[in-house]
Amino acid sequence: MTSALITDLPRWRRINALLEEALALPQDARDAWLAQLSGQQADVLPTLRALLARHAVETDAFMSRPVAAMWRKAIDANAVDDEPGQIIGPYQLLRPLGAGGMGTVWLAQRADASPQRLIAVKLPLRDWARGVAERLKQERDTLAGLEHPNIARLYDAGTTSGGRPYLAMEYVDGVSIDVFAARRDLTVREKLALFQQVANAVAYAHGRLVVHRDLKPGNILVTREGEVRLLDFGAAKLLRDDEPPISALTEEMGRALSPDYASPEQILGESITVASDVYSLGIVLFELLTGHLPYTLKRHSTAALQAAILGAESPRASSLVTVNRQLSRELRGDLDNILAKALKKCPRERYETVSGFADDVRRWLNHEPVSAQRDSAAYRLGKFVRRNRVAVCTGASMLAAIVASATVITAEMLEARTQRDSARLQAKHAQAQERYANMVMEQFGPGGQPLTREEMTDRSVEILYRQYGSDPRFIAEALIPISDRYMELGNTDKELAVLKRAGEIARRLADPALIIEVDCYLVETELDKGRIENAEQRMNEVQALLAANPKVPMRQRIDCMHADATLADARGDRIASVNRIEAAIALQERDDPTDRNYRALLSHAQVLYLYAGRPKDAYATVEKTLEVLKKTDARNGEAISGSMHNQSLALNQMGEVQAAIDREREAIAITGGDDANHPVMAAMAQTLGRMYTRMNHAAEAEAWAERALSGAREGGNIASQIVDLATLSEANEAAGHTAQASANAAEAAHLLSSRSDPRERAAVSRAQALIAFDRKDARAAQAAAAAMLEALGYPDVAKVRASQSSDVLLLLAARIALEAGDLPSASHLASLALKLSRDVARDPGQSATVGEARLLIARVQFAQGKTEDARVSIHGAADALSAGLAPDHPLAIEAASLEAKL
Amino acid sequence: MANLASELLPADSPLNLAECLPAFYDQMRRIARSRLAGGHYTMLDTTSLVHESFLRLRNVNQIDVKDSEHLLAYATSTMRSVVVDYVRQRKAARRGGDAAHESLNQQHAEKLGVHDDEILGVHNALEALADIDGRLVRVVEMRYFGGLTDAEIGRALGVTDRTVRRDWERAKLLLAGLLGR
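First to last, the protein sequences are chains A and B. Numbers given in my numbering equal positions in the first sequence, counted from 1, plus 41. Numbers given in my numbering equal positions in the second sequence, counted from 1, plus 270.
The set of hints was computed from the structure by calculation and includes no laboratory data. Do not rely on the hints blindly, as some may be mistaken.
Claimed, not checked - Residues from chain A shown here face chain B by an in silico Cβ test under 8 angstroms; the list is partial: (1) LEU50; (2) PHE103; (3) SER511; (4) PHE515.
Unchecked claim - Among chain A residues calculated to face chain B with C-beta under 8 angstroms, some are: (5) GLU61; (6) THR88; (7) MET104; (8) GLN367; (9) LEU368; (10) LEU628.
Given the structure is predicted, the values throughout are model-derived calculations rather than measurements. Beta carbons: idealized from backbone N, C-alpha and C, even for Gly.
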């Protein structure tokens, strides 16, 4: 087609050809070239000259501005369509309030003469109109039914006669919450009070089964009177694009979410639940309190999104505001923990409900202790053990299937999702899991009241049976993590019940791997209930199955070895328990040392070594654990501090008491320090109580022992209470608070009456012996010492060796015997103590126990007149006591003075 | 408008762009719009827009390199028509009375007007240029309307980027000449 512009096509073609030639020449050659153009080209000469002259001018504006940018405006046709005065449904548009992520918002009023109220009318993007109109029909009633003082009402939603959907909402005259807080320079408490309004509103909506999905400061307005109004509830669900995503990341970009506030699962395109709102609220609160986002997400890069998803947990809020010391101090500890819990990458680990989140904020405001961070941590007699049954989050594994790329979307990402037959089946299964998780998390009580965690778990079981009856394997697999939940909640009966059901299904399916998996968990559960015979029986069955099915995967084998180790430990067979856990660890190392289970095994091994009286191995295992944690679970403070706590116990067992105290305090520092009711914290407090007693720092000892006791009481842990009471009574005595000492010792003895654990008996007897000794009541002291020795298994050396910290107890008994004049007993006890403590010490020259043993032996020998022997024995005692305890410790001084005397 | 699609593709190409023309355009618009809505202004880069639109349309998991280059040419041609439509509408609106909320100050409006005129002029002149030197038209579409780099254009057209630059310079001159500037 020829254009009107051209009257002479051949002429212009000639110009084109000549121009090409001319432009190939350097600038100064062009004039010459023009001059020698033949007469044939005379007609085009002027044009050529003009064009070349133009070319020589550098600052030609013609076509210099990129038009590509206009593509944006061209695409967005809304601006062209809507005008002030325009009628949309029953409303008249007044002026635009802004363009949001999903469309434009206009200030409007009713078009008829009815009493004027200002309304905000939201008009979604034109291209999405079709989908929105349909969804409006379904969602409108739900959204309009949200009536809450802190939620902007949805008055109306419909479509115009022209088919355009619109939303009519309450117009809020206010500013976003971050601006409000900044303008009024609010304190932390005031900000939290505002936040509670927000949380109340969200919790209310959740009770009505509406998830917000797009919580951010821009959607949280505050009026001049300081009242919060939440905007756009559920709008994100309503106003999204219909097109199914090619990849999860595409969905994110097509959904107009604010990536900075979106939860990891939203970014990954997984199901959105209550937990997503918890996360977004967490980010909002974090920003409100600190002024920063925990991390800024670079929007354009897939790699950046990935890094944020896979990366470490959010930094602690207090660490981001170090410049403002007062603020940092306020945030440190509980507020840090509250935020951290809301911002966990894994939805399961966050607050389960917004109410839970708000409750903790309320507790903080009332100076009450906040709920602890939960993990699958079991807590046994002062030792930190971490149990880990199933992989909790699918986020990481999903992402592993998506290949990273610097450019936005490439074919490789799609390649990763190419369906091969088995992969398709697996995908269907994964979908079922997602749907189920979604269903469960959106369940609430009939009155809109959030359920307790146990009720939610019960409900999830109901749903499971009801909805998935046709897929028994799915039920069995889902029941395992559910049993985990009951374990956390402390309901062993229900834990057993679901595991048994899972076992039945597994047997019906005749799947040996599944049977073995379930049965091994059952072993552990029976042990928790103290039913050792049941556990043993089941274990035997499992071993038989394992022998008959060599193809059972490694994971189940390792799980069973683990359970077997626990069983041996419950039976008191220390050697077997350690051997088995070592075997399990070796297998796991060979199979997959990056598996979370590896860490669980290592942490259990720490404990078993400690029980087996092998502190050197325990210490080494902790080092290993910490390395592994550093590589994989970098910010899991609880796991790190738990391991350090066990290491402190090991140091204590090896007689390095001061070092143990230092380590314990390091461990406490990692937890953030203030969670008085945190189970690990209680264990640490217990240990510090004992160690400070040994160090002769009575006041500190009392304080820590008190703390441990209140923690144990809060947790209802009888075993710990007994030990804590015993420790406390010793500390009381050392501090001179004799009445309290007696009272606490008596209470410990009382609690002991129904118990059978020799460790507890030993602890109580020890306290009684010490108190009696201090009060110069020789007979009572000896009686208590005798009881203590019996609990230890004395004089059976093997039994004594198997009891932890027996060396210290032997020394107490030796001292009592010495005071009573029973030199042979004293000598025997002290010698045994020396042998035991030397065996376990890293360095006998640093072990206070070794030092004290030598001191006592020297004293006995001195009393027997064996001065030479005494001199040999005392050698090095003072140094060891100085190193293990402190140079100014009474025992160190005693040793030094005795050495001087000899 | 010159039907570049059919010009670029060999007759036996499995990809019948003429067929999916409207759908492709539609797709590009939707994606661009949703990215815009998400505030991802810089994600409007043509290459990825094109790739994604194509992928959605065809539901395949890989784009053939050759297709990709053809698509780029096609996409920029599409962008040209979109922008031109828009500019025409804008001009009409401005002529018809108040410019609504397009611009509040007169200077700005004038600047827009000048630029709009240039765009329309270029568009018309390109029609003429198509009969003079087809490759130049493609270069202008890709660079002026599509915002592609010289390297990207070179790859798509199978020439060096130096050639692209020279073509661009020449095209500008010819267009200016055609427009009598």
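The hints, checked one at a time:
no. : hint   : result
1   : LEU50  : 6 angstroms, holds
2   : PHE103 : 6 angstroms, holds
3   : SER511 : 30 angstroms, violated
4   : PHE515 : 29 angstroms, violated
5   : GLU61  : 6 angstroms, holds
6   : THR88  : 6 angstroms, holds
7   : MET104 : 5 angstroms, holds
8   : GLN367 : 35 angstroms, violated
9   : LEU368 : 30 angstroms, violated
10  : LEU628 : 39 angstroms, violated
In terms of the numbered hints stated before, the structure departs from hints 3, 4, 8, 9, 10, listed from lowest to highest.
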